[in-house]
Amino acid sequence: METQTLNCSNCGAPIRSGAAQCLNCEASVIKAPAEAAVAGDTHEIVTGEIVAGSSLWRDARRRLLKNKIAVFGMTVVILMALASLIGPSIIQRATGKSYDFIPRSSSETKSFPPFRGPDGRFSWAHPMGTDVAGRDILARVLSGGQISLMVALISTLVSLLIGVSYGAIAGYLGGSIDDVMMRIVDVLYSLPYVIIVIVLLALLPAKTPTGQLIQLFVALGAVSWLTMARIVRGQVMSLKNQEFVLAARATGVPAHKIIFRHLVPNALGPVIVYATLTIPTVMLSEAFLSFLGLGVRPPRVSWGSLAAEGAQSLAVYPWLLIFPGLTMALMLFSLNFLGDGLRDALDPQMRRD
Amino acid sequence: MLRFIIRRVVIIIPMLLIIVTLTWGLIRLAPGNFYTGERKLTPAIEQNLREKYGLNKPWYVQYGRFLRNIARFDFGTSLKYEGQSVNQILWRALPVSAALGLTAYLLALVVGITIGTLAALKQNSWIDYATMSLAMLGISIPNFVLGPLLVLVFALTLFWLPPALWNGFPSKSVILPALTLSAIYIAYIARLTRSGMLEVMRSDYIRTARAKGLSERQVVFRHALRGGLLPVISFSGPALAFLITGTVVVERVFSLPGLGNYFINACFNRDEPLIIGIVAFIAVAVLVFNLLVDISYGFIDPRIRY
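Read top to bottom, the protein sequences are chains A and B. Start counting the first sequence at 8; every next residue gets the next number (the numbering used here). Start counting the second sequence at 587; every next residue gets the next number (the numbering used here).
If you're looking for bench data, these hints aren't it; they were derived computationally from the structure. One should not assume that every hint holds.
[Claimed, not checked] Pairwise CB distance ranges (calculated):
| # | chain 1 | residue 1 | chain 2 | residue 2 | range |
| --- | --- | --- | --- | --- | --- |
| 1 | B | LEU723 | A | ASP193 | 28 to 34 Å |
| 2 | B | ARG788 | A | THR102 | 56 to 62 Å |
| 3 | A | ARG68 | B | ALA616 | 31 to 37 Å |
| 4 | B | ASP790 | A | PRO134 | 35 to 41 Å |
| 5 | A | ASN273 | B | THR794 | 34 to 40 Å |
Backbone N, C-alpha and C define an ideal beta-carbon position, used for all residues, glycine too.
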């Protein structure tokens, strides 16, 4: 594609460089390409490739930013992720105590309600209270957020890797290979795989907490790629008969390069949307496993394992459950809204009204 | 149609085989066994035990025996609950889980479809926004948080309902677990119903129905719901699998003697016969249920041919 030729963004007709008007539709004044690419006016003329490439994303961004509830979700997600990332170290700097710090004196190794000091009076020391060992809940929730987010992101990446490759290969090859591959997906779909994951984690626990985390990434990623594979396959099937693929094939590009250089990037929109919606699901699965005592193990904490601890002493110290639980619910809520918003923005056809 | 059903029934068998083999393999791969960790056994006793359970034979002999027993639905006796066969435990735990699951599922269907339809018919009204936000909340609150919160409010503060344990099926003890379990399904079903109904309400056959002069109620109940509920029906297959994982947590939160609770305990106790029995049982249930859903699809939507 010639990137030097200018196209009118109004009608798409090519324009001689230096001309002040589009000859085809007589649309407004031409700006310099670079300048036009930055501004959002549809009547401007920009270079060919940027129009095709950026306007999809720019339109999507515009639609996303117009969707108030998605913007709310995005803001909350970003704020909470930032808080989880830098919060624990700030608290450690400020108080000198880590999320796992257990006070020495016996008067402090018990659970205080939010905003209460050891003397029972108002205090800023523990805004979410402390747990039964006197550890600060706020620090634990923030540091649990780190683990929960990390597990969710990495497991989603694992599922992305498997699902995109699998779906793209099946869709591109087609025929009986596709039949067999998709049949396998159908079969896996109806398996109660969470049950198998529970058996796996309970019987083959990793030796170290870090090993356990890696096991979680793999286990959760390995069971959540199915829908992604179906989506990518559908996209690839609709793309693979287009001219640019034919051109690539005619020039002798090998199949794996066609799949991963040409087809997958073009299917990115739905992939991103579905990946965003996978994150909360995976996060929930991690919490579910941690709640059962099969996921994140001490000294590491996640929102699920904190909620599990809290549920045990619910009647006496309800804040032990309420804060991690509601933090997690808020995160999932925002992620779901962000995912829905992204879907509406990136794929108007898939819109759910 | 008949050919489709036969093909689907036949494919259940290899799938089942895969699941139980996988479980069996995991148990074999796992280091140690039920007896490690408890008291140290004398070599003689260990030898006797290994002989009794056939653990001294090569793996393929063990596997063959395992398959033969499974085929006869004989899972052996539990290691933890001595003297009780796995089947006895299964039949004791099943009614609890089934009652809980069915109550939750019916609740989810009734409430979910009702509010989903309402939201679709009054699209973009406050009802729509309120119910859809609530539905999103239902999807976002994990059941292990919702359950204890409900207990805190209704059992420990208001003293209306028992906080835990099981008092038989129609009793107050079902309410909180069923509510906890159904919340996420209510949310999912409401969303699915809404989007399904919105799509159907714009279709030509609804316009035809209106043009015939049918009342709005007839249009909605006789024509639109039938098409609009298709996504809900196709969701009910996977829903059972979700329901089972849901019961694992809910039964644990409320200490109910159901399959889920037994399953988790069996995993922690390394009660191998019980693990395999419950996994096989759940797998059969899920596969059969999926089959039923697929068959019912053909009856409800005449456009689908097998």
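Against the structure, the hints:
{"no.": "1", "hint": "LEU723/B - ASP193/A: 28 to 34 Å", "in the structure": "32 Å, holds"}
{"no.": "2", "hint": "ARG788/B - THR102/A: 56 to 62 Å", "in the structure": "59 Å, holds"}
{"no.": "3", "hint": "ARG68/A - ALA616/B: 31 to 37 Å", "in the structure": "50 Å, violated"}
{"no.": "4", "hint": "ASP790/B - PRO134/A: 35 to 41 Å", "in the structure": "58 Å, violated"}
{"no.": "5", "hint": "ASN273/A - THR794/B: 34 to 40 Å", "in the structure": "39 Å, holds"}
Hint compliance for this structure: hints 3 and 4 are broken, all remaining hints hold.
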